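There are 4 protein chains.
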Amino acid sequence: MDQIENLTSSIRDFAKNRDWEKFHTPKNLAMAIAGEAGELAAEFQWLTPEGSNSDQLSDEKLKDIRLEIADVQIYLFRLADVLGVNVAQAVLEKMEINEGRF
Amino acid sequence: MDQIENLTSSIRDFAKNRDWEKFHTPKNLAMAIAGEAGELAAEFQWLTPEGSNSDQLSDEKLKDIRLEIADVQIYLFRLADVLGVNVAQAVLEKMEINEGRF
Amino acid sequence: MDQIENLTSSIRDFAKNRDWEKFHTPKNLAMAIAGEAGELAAEFQWLTPEGSNSDQLSDEKLKDIRLEIADVQIYLFRLADVLGVNVAQAVLEKMEINEGRF
Amino acid sequence: MDQIENLTSSIRDFAKNRDWEKFHTPKNLAMAIAGEAGELAAEFQWLTPEGSNSDQLSDEKLKDIRLEIADVQIYLFRLADVLGVNVAQAVLEKMEINEGRF
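Chains as they are written, first to last, in our numbering: chain A, 199 to 300; chain B, 199 to 300; chain C, 199 to 300; chain D, 199 to 300.
Treat the hints as calculated values from the structure; they're not laboratory data.
Owing to the predicted nature of the structure, the values given are computational and were not obtained by experimental measurement.
Among these hints, one or two may not hold up.
Because identical chains cannot be distinguished in the list, a pair is counted as satisfied if it fits within a single copy or across any two copies.
Taking lysine to any residue and the SDA-like style, the derived pairs with C-alpha atoms no more than 25 Å apart in a straight line are [as the list claims (entries may be wrong)]:
no.: 1; residue 1: K220; residue 2: E203
no.: 2; residue 1: K292; residue 2: S207
no.: 3; residue 1: K214; residue 2: N251
no.: 4; residue 1: K259; residue 2: P247
no.: 5; residue 1: K220; residue 2: N296
Produce the entire structure from the sequences given, and follow the hints as far as they go.
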């Protein structure tokens, strides 16, 4: 199992053990991603672009941001999982499209 | 190099080759994630929860969703990269916190 | 009828005339707001804070932003409508809470 | 002054009195809208479409949603204000465009 499959499998087990599978429809997970992405954006909203660099952030702020990144990532892996999407392949495919565009 | 580092490295090179590093401040990338998460949510907004399952989606719709997932993922790996955050470790740490909470 | 009720009423009629009321559950409308807010954020993602000021934006860009603001506003009035929330009163109440906090 | 101008004027004074004008660039406000829209979406993420209707929501939940709607609205009026956009006119213009499309 590769690294992303591994993480995805842990997230799947976490949901299964709490009987949360019924809540994890693609629609609900896409909504959860939007919610977490909003919280991640909120961490940066009053910072200047320069002030958002890691060497300008306090340890506490960086820790909060790190956990918000994790929240988005967990729901993104979970959404891909319930849809049967291979995230790594999708990223590579999208980058090839972008290569052609830019 | 593990799988996520590998993808992150390709994304970094893509940005570097286009001289986009100056645009990729953490603030801007967090904003891009919110934008892409909004587009991903929009794919599902008028579907019923049941209708959002992969066996109910047309091939074309699923393909669109797959590329929207990739867009969020690319910017999320990129944000973690510029902040020096290890996404896999952050996910595992957040899941441990969640284990304690739920 | 006050100005916001007036706009809300036009939006309600628009939905009714297209038989879209069944799609306009609060959940779906909240998702649509997140989607439109993401598109609005995307308009600004690569701009500097200074470059986002109206005197720095092209007429075309400002027109696009204006219509994205309208999209968020239309769904926000519609959500408030289906929930029976008076937006103006909610704004005043929230500002009073903020007065106490800041 | 009409109702929306009135609310916008109160929001402007609130920001001015706290010397927050320097933070209220269009870019930052668009980010704040995305953040608040994410929080609003989060209120609905695990509900069924039917369960999101106002008669199914607890008084407490509806109160939380009401204040999240207010948060999005406050930043949306503020963004329109700093950009010199008339929200009511923008809504009417967008609805005319939509009339032609649907």
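Consistency of the hints with the structure:
When the C-alpha separation of K220 and E203 is checked against a cutoff of 25 Å, the pair qualifies only within one copy, where the shortest distance is 21 Å, while the shortest distance between copies is 33 Å. Taking the shortest Cα distances, K292 and S207 sit within 25 Å of each other both inside one copy (24 Å) and across copies (15 Å). In this assembly of identical chains, K214 and N251 lie within 25 Å of each other by CA distance solely across copies; the values are 17 Å between and 38 Å within a copy. For the identical chains of this complex, K259 and P247 are neighbours both inside a copy (15 Å) and across copies (21 Å), given an alpha-carbon limit of 25 Å.
For the identical chains of this complex, K220 and N296 are inter-copy neighbours only, at 19 Å across copies versus 35 Å inside a copy, given an alpha-carbon limit of 25 Å.
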